[in-house]
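**Student:** Residue 742 in my numbering sits at position 62 of the sequence shown; the count goes up by one each step and never skips.
Worth flagging that the hints you see were computed from the coordinates, not collected in a lab.
Accuracy of the hints is not assured; some may be wrong.
[Claimed, not checked] DSS-like cross-link-like pairs, simulated, lysine-lysine; straight-line CA separation at most 30 Å:
| hint | residue 1 | residue 2 |
| --- | --- | --- |
| 1 | Lys728 | Lys704 |
| 2 | Lys710 | Lys687 |
| 3 | Lys761 | Lys704 |
| 4 | Lys728 | Lys760 |
| 5 | Lys728 | Lys702 |
| 6 | Lys694 | Lys710 |
| 7 | Lys761 | Lys714 |
| 8 | Lys694 | Lys761 |
| 9 | Lys728 | Lys694 |
| 10 | Lys761 | Lys702 |
| 11 | Lys761 | Lys687 |
| 12 | Lys714 | Lys694 |
| 13 | Lys760 | Lys710 |
| 14 | Lys694 | Lys704 |
| 15 | Lys687 | Lys714 |
| 16 | Lys760 | Lys694 |
| 17 | Lys702 | Lys760 |
This one's a predicted model, so the numbers in the text were calculated from it and none came from an experiment.
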Amino acid sequence: MMNNKMKFNVFWSKDAELALIKHKQFINVKLAYKNSLTMLSVNPHNQKEGVIDCGSEFDGYYWVNINNVIIFYRVDDDLKKVFIDGCSSALTGEALRMYYGEYDPWLDDE
């Protein structure tokens, strides 16, 4: 049976691609890239884990963890497009605190 859900086109900005490549030592970047295109192409609003609100340039963007990459994206419903404008590693204490509200005992909070 064919899925009747409207598909979105997903686009990575050059800055987001460069940020992803920086993590190639620790993350399978090809898998994260490929899975982001698949996951965010259907119901991208429902894929989000949260909305960024930390005083950064990405405030108001959705975020989702795909293959240990925190992906920052926005959705244009009229154009049926998803724009990935940034990303960071989900494997850091900072990511635990910022996105999941968990405390990393190795971070110094002075």
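**Student:** For each hint, tell me whether it holds in the structure or not.
**Tutor:** Results for each hint:
1. Lys728 - Lys704: This hinted pair holds, its Cα atoms lying about 23 Å apart.
2. Lys710 - Lys687: Within the cut-off at roughly 22 Å; holds.
3. Lys761 - Lys704: holds, 26 Å
4. Lys728 - Lys760: Cα-Cα ~16 Å, so holds.
5. Lys728 - Lys702: With a Cα-Cα distance of about 23 Å, the restraint between Lys728 and Lys702 holds, given a limit of 30 Å.
6. Lys694 - Lys710: Given that 30 Å is the threshold and the Cα spacing comes to 15 Å, the pair holds.
7. Lys761 - Lys714: Satisfied, since the Cα-Cα distance of roughly 16 Å is no more than 30 Å.
8. Lys694 - Lys761: holds, 16 Å
9. Lys728 - Lys694: Measuring from Cα to Cα gives roughly 22 Å; hence the hint holds.
10. Lys761 - Lys702: holds, 25 Å
11. Lys761 - Lys687: This hinted pair holds, its Cα atoms lying about 9 Å apart.
12. Lys714 - Lys694: It holds: about 16 Å lies between the C-alpha atoms, which stays within 30 Å.
13. Lys760 - Lys710: holds, 24 Å
14. Lys694 - Lys704: Holds, at roughly 16 Å.
15. Lys687 - Lys714: holds, 16 Å
16. Lys760 - Lys694: holds, 20 Å
17. Lys702 - Lys760: Distance of about 29 Å is within 30 Å: holds.
The structure fails none of the hints (numbered hints given earlier).
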